[in-house]
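Trainee: So the sequence lines, in the order shown, correspond to chains C and R.
Per the working numbering, residue 245 is the first one in the first sequence, and the count goes up by one each step.
Per the working numbering, residue 205 is the first one in the second sequence, and the count goes up by one each step.
Treat the hints as calculated values from the structure; they're not laboratory data.
No experiment lies behind these values; they were computed from the predicted model shown.
Just so you know, not all the hints are guaranteed correct.
[As the list claims (entries may be wrong)] Taking lysine-lysine pairs in the DSS-like style, the calculated list, with each CA pair at most 30 Å apart, reads: (1) R:K328 x C:K484; (2) R:K328 x C:K334; (3) C:K487 x R:K448; (4) C:K481 x R:K413; (5) R:K413 x R:K263; (6) C:K487 x R:K413; (7) R:K263 x C:K334; (8) C:K487 x R:K263; (9) C:K481 x R:K448; (10) C:K484 x R:K263; (11) R:K448 x C:K484; (12) R:K313 x R:K345.
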Amino acid sequence: MWPTAHVFWDSKAGNTSDEYEDAYWAEHLKDDEKELFICAIADGATSTSYSKLWAQLLVQAYCNRTFDPHQAQNSLTPVQQEWRNQIGSKPLPWFAQEKLRQGAFATILGITLQSDDSHEAGCWQAVAIGDSCLVQIRQGQLLCSFPLAQSFQFDSSPVLLSSNPSSNQQIQESLCTVEGTWQTGDSFLLMTDALACWFISSMEQQHTDHILQLQALTSQEQFGQLISTERSAVDIKQVKRLKNDDVTLVRILL
Amino acid sequence: MPYTAEISRSNPSLFFFLLDQSGSMDEPIGSGESTKKKADELANAMNRLLFELTLKCAKDEGVRDYYEIGILGYGAQVGSAFAGSLAGRELVPISELGNMPARVEDRTKKVSDGAGGLVDETIKFPIWIDPVCNNGTPMCKALNKAKSILSSWISQHPNCFPPIVINITDGESSDGDPTEVARSITNLSSSDGNVLLFNIHLSSDRSPKIEFPSSESTLPNEPAKLLFRTSSLLTDFMKSEAQKEGIPVFDGARGFVFNADLVALIKFLEIGTRPSNLR
């Protein structure tokens, strides 16, 4: 198994690329016993500070397997410590102190793929907290959507992982898990919420051509054009088809 | 659809506050056991609102100018109510507001200890507004002044999320019935909808607090009913966010609270994802 992964991203319109607060990471681990491909995306919350750094630390910790979402509170401690270390201790104005006290928040969506002996198929497991989503595609058809499967499930206040331990007390209740099997030719699309909501809405309206569109992307420029077009377009209720937000797509081809 | 314009640095919105600074604000608020003066409660509510609003716009690099802020006091005179170095200013970008409170005090707040208990934590609490109580209640004059400022601001920001006007008062205007001028304010509009006028009624009445009622029949006195009638309907988004916060709101709910504060309102403003576990 040697999946190919491509990343496409765009910052919220009106923001600079420095202000992009999503994160992505992937690791390919191989030892005598098994071969794993691990990939994660995270979406730092706009309303919290230092959420880009938090999202980056989360995806890295997930992929290097130091963060285990099944034991989120305990395994997050070193990640939370690292977040504080990187911010440092310089004097801050009152609002920055208060934001720091509240902590940063982000989603996490991680997938681990393992191949069987044939290397032509295998199993996968995924975990999610928040509204970043993955879909599995086989022969141009949507096989599954996780953790959200319907567009009405997206709202602007999901439960997220925090750098502040006191905000994670009920986090285990918000952990979603799923597992399945894959075969050569399948693809997985990992998307942060605005893009995931757009994609799932498209599927609800039978616009399956969007699957092909995302699978055919070859460059950041193409992705940027698609995002720009969809942000300007409105649906039948005159609501923007794609919400203006940071967008990230990780496409894994098997 | 109205009230869906994106609030951004290139398309900011406006918060405009009207503060009753009349002599009657020297009286205690609410239940007979309370010795808290209405003027103190107003200053406290106002500073908390500005605190939450600034935090809403603060990011790693500083405060982003999603809003401009205006604060008009009405009592002995009608004019800017900012204390400290912002005194006399009509409208202030929120980044400047965040960086220039009159002073910053230490306050104690109960926070979770992460293990099911609560601990005291000292937080920085900025002060922009001090309690003032003098003379009559020229609410109509203040609303007229606000209308003029809002009208000019909207002409410069024609596609903004409509300005939100918050009037905090003990409810009894001394210069006439404010209904007409209030209506002329809510008739102002950007391409995204009409100006929203909300009222906070700080009363000496002993009745319990009432938040976002949909009928005036539950309100205890005539000044409250008048303020309710001048208040705008909550937007659909605000209603759904209020329900998420556990505040029961029904069709026809208005931006009016009685002996309560409107801090929850700040949470209803959509700038981006707000984690539901952020408290």
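Trainee: Is K313 of chain R within 30 Å of K345 of chain R, Cα to Cα?
Mentor: violated (38 Å)
Trainee: Are the Cα atoms of K484 of chain C and K263 of chain R separated by 30 Å or less?
Mentor: holds (26 Å)
Trainee: Are the Cα atoms of K413 of chain R and K263 of chain R separated by 30 Å or less?
Mentor: Violated. K413 of chain R to K263 of chain R sits at ~34 Å, over the 30 Å cutoff.
Trainee: Holds or violated: K448 of chain R with K484 of chain C, Cα cutoff 30 Å?
Mentor: holds (24 Å)
Trainee: Starting from K328 of chain R, check that the Cα of K484 of chain C is at most 30 Å away, please.
Mentor: violated (39 Å)
Trainee: Given the hint that K263 of chain R pairs with K334 of chain C, does the C-alpha gap stay at or below 30 Å?
Mentor: holds (16 Å)
Trainee: Has the given pair, K487 of chain C with K448 of chain R, been kept, meaning a C-alpha gap of at most 30 Å?
Mentor: holds (21 Å)
Trainee: Is K328 of chain R within 30 Å of K334 of chain C, Cα to Cα?
Mentor: With Cα atoms ~16 Å apart, K328 of chain R and K334 of chain C stay inside 30 Å; holds.
Trainee: Can the restraint linking K481 of chain C and K413 of chain R be considered satisfied, given a maximum Cα separation of 30 Å?
Mentor: Roughly 38 Å between the alpha carbons, so the hint for K481 of chain C and K413 of chain R is violated.
Trainee: Does K448 of chain R lie within 30 Å of K481 of chain C when you go C-alpha to C-alpha?
Mentor: Measuring from Cα to Cα gives roughly 24 Å; hence the hint holds.
Trainee: Holds or violated: K487 of chain C with K263 of chain R, Cα cutoff 30 Å?
Mentor: Holds, because 21 Å separates the two Cα atoms, which is no more than 30 Å.
Trainee: With a cut-off of 30 Å on the C-alpha distance, tell me whether K487 of chain C and K413 of chain R pass.
Mentor: violated (37 Å)
Consistency with the previously given hints fails for numbers 1, 4, 5, 6, 12, ordered from lowest to highest.
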